[in-house]
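Participant: Now for the letters of each chain:
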Amino acid sequence: MTDSKPFPLPDLGHGPTAPLWAAAARNEFALPRCETCGTFDWYPKGHCRKCNGEKIEWVPLSGRGTLFSWAVVKRALHKPLAPIAPYVSAIVVIDEDRLTRFVTRLIACDPQALHAGMPVEVRFADLGYPALETGIVAPLFAPTTTNGRDEG
Amino acid sequence: MAFVAESGPARIGSIKGKVAIVGVGESEHSAASGRKLDAMIFAAIDAALADAGLSPAEVDGLMFSGQSHGQMTVARFRAHYGLSHEIWESGAGGAFSFAATAPYAAHEAIASGKASVIINVHGTDWASQNSADAGGPATAHLGEAIKANAEVPFGFIPQPVYFAHVARRHFELYGTCPEQLGAIAVASRRHANGHPGAVMRNKTLTLEQYLARDPFIDPLRMEDCCLISDGACAFVMTAADRARDFRKAPVIVEGVGYAGASEGIHFAMEPEFASTPHRMSAPGAFAMAGLSPADVDVLAVYDPFTIVALMAIEDLGFCPKGEAGAFVEGDRLAYDRGRAKGGLPFNTHGGMLSHSYLLGINHVVELVRQLRGEAANQVEDAQVAVYGGFSGVDAGTLVMRRG
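If you're matching them up, the sequences are chains A and B in order.
Using our numbering, you'd call the opening residue of the first sequence number 1 and step up by one each time.
Using our numbering, you'd call the opening residue of the second sequence number 1001 and step up by one each time.
Source of the hints: derived by calculation from the structure; they are not laboratory data.
This structure is a prediction, so every number in the text was calculated from the model and none was measured.
Every residue gets a Cβ at the ideal spot worked out from N, C-alpha and C, and that includes glycine.
Don't take every hint at face value.
[Unchecked claim] Okay, the calculated beta carbon distance ranges per label pair:
id, chain 1, residue 1, chain 2, residue 2, range
1, A, 53, B, 1007, 39 to 47 Å
2, A, 6, B, 1067, 54 to 62 Å
3, B, 1013, A, 54, 48 to 56 Å
4, A, 107, B, 1287, 17 to 25 Å
5, A, 82, B, 1069, 26 to 34 Å
6, A, 54, B, 1331, 33 to 41 Å
[Said to hold, decoys possible] Short, incomplete list of chain B residues facing chain A, as computed with Cβ under 8 Å:
id, residue
7, 1146
8, 1152
9, 1157
10, 1218
11, 1246
12, 1265
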């Protein structure tokens, strides 16, 4: 079963990634992990890349991580992405595993003040395109605020 | 043997001195032109055959990319030239890393008696496709399910966005800066300005102009990104021991290497993120040739972005990892500086940044001309040349010398 959405929205019926979006809709950041040895299965292979275990379970995470790299997209090359430009595309490393990266977008940040290794945390927000309200909540990230929570 | 992009270096038996490149040819290169892919491919083949002094009837092997759309097939080759003889074919050729490894597959065909005169050809009409919004370089990425559902929704598409992240990571790890990426763009443009076949032959670029451009996908500027072109290139391979039978001085294949990345098309997940598989492909090629980077007179690397060319220079071993930024500054890469004066003549046709987006097969054509001494921007006494092919998921290294 698929719930096909227009580019660039995710297909919420695509099995290997559907739980990511289902979790985000509950304001949870979750990734798949091997039940046997604890290695994260991201991107999903459906079996453990370390121990070959076949029991993979989606687990909720702290939503904390560090910035691995980023790009400030001032001009989107695909037209449907234009409404969110300029935006900060980013790859973060999750706190639970320094070898696991997550592709996301940074919000609430000063692009000039970013540096590799800076603490970031998840923020749940509507993807925001092609229309402003897509009804799809995404795990975006922002620099960690001093007390670790966004009070604003 | 068809090379598969599995993680790590491929084990390749030596073909040192076995294969010669005896003809090169290309079509006109341009921005979106509406020209038919087939017509460009046949123009390149015609030019390569003329260069070698061959007729189509003497060709008994054809190599192309089995993964790219609209490439040559034996059926179309026969129909075009009105031929009916047996022709060996292989989809393990074309451009990218396979422009480097094609001589290996050619050697297998030659050694087993399947073919004796083999054309490797590649064409692209991505410029026309892009302007018609029908395909282009991002197609394979958009069609991959994980990327479509876990990257594209965040805006992590297409390749300039990926490689802006790679550049930023390289900046953060090694202190590389925009001026250093700009040095590659400027050197490439200067070479294109001196090359009559280059798409950017009439457009100059200074470092000041480069820096004044807005980094539209920060830290990348438009000048950090390759062209999108229409065109085709071809080269003719044969056994080295009969290479003197052709019109031009032969170029001898001395070494071939190949290696795959760990995470394939999922560039964001690659453990060695600010690096290329050149680091695993090059050692085998140099070992086969009995040469080292210090012996190379002219280098051509697959350059979709300045950052990829910069990483290739260090990953191929021309300087320590992380030091290519400082290495490429000034006129280090200029064709007329040369190794004796501490330079490294690099992409002397302008590369994909400024010559044409022929995915690296144009780089091999240029290096053959350099080794013959007939290049537009001729490197003085060029004896050894290296092509570093790349596709994101793999790298291929080709070491050649003047025959």
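Participant: So, for every hint listed, does it hold in this structure?
Facilitator: Going through the hints against the structure:
1. At about 20 Å, the beta-carbon gap between residue 53 (chain A) and residue 1007 (chain B) misses the expected band of 39 to 47 Å.
2. Roughly 28 Å separates the CB atoms of residue 6 (chain A) and residue 1067 (chain B), a value that falls outside the hinted 54 to 62 Å.
3. The beta-carbon spacing between residue 1013 (chain B) and residue 54 (chain A), approximately 38 Å, falls outside the hinted interval of 48 to 56 Å.
4. One distance hint, 17 to 25 Å for the beta-carbon pair residue 107 (chain A) and residue 1287 (chain B), is violated here, with the actual separation near 49 Å.
5. Under the hint 26 to 34 Å, the C-beta atoms of residue 82 (chain A) and residue 1069 (chain B), about 27 Å apart, fit the expected range.
6. In this structure, residue 54 (chain A) and residue 1331 (chain B) break the distance hint of 33 to 41 Å, their C-beta atoms being roughly 57 Å apart.
7. For residue 1146 (chain B), the suggested interface contact is upheld, since its CB lies about 5 Å from the closest CB of chain A, less than 8 Å.
8. At about 5 Å, the closest approach between the beta carbon of residue 1152 (chain B) and any beta carbon in chain A falls short of 8 Å, and the interface hint on this residue holds.
9. A distance limit of 8 Å between C-beta atoms decides the matter here; for residue 1157 (chain B) the minimum to chain A is near 6 Å, and the interface restraint holds.
10. Below 8 Å, beta-carbon pairs count as interface contacts, and residue 1218 (chain B) has one with chain A at about 4 Å; its hint therefore holds.
11. Checking residue 1246 (chain B) against chain A by beta carbon gives a least distance of about 44 Å; that is not within 8 Å, so the hint is violated.
12. Against a cut-off of 8 Å between C-beta atoms, the interface hint on residue 1265 (chain B) is violated, since the closest Cβ of chain A lies about 10 Å away.
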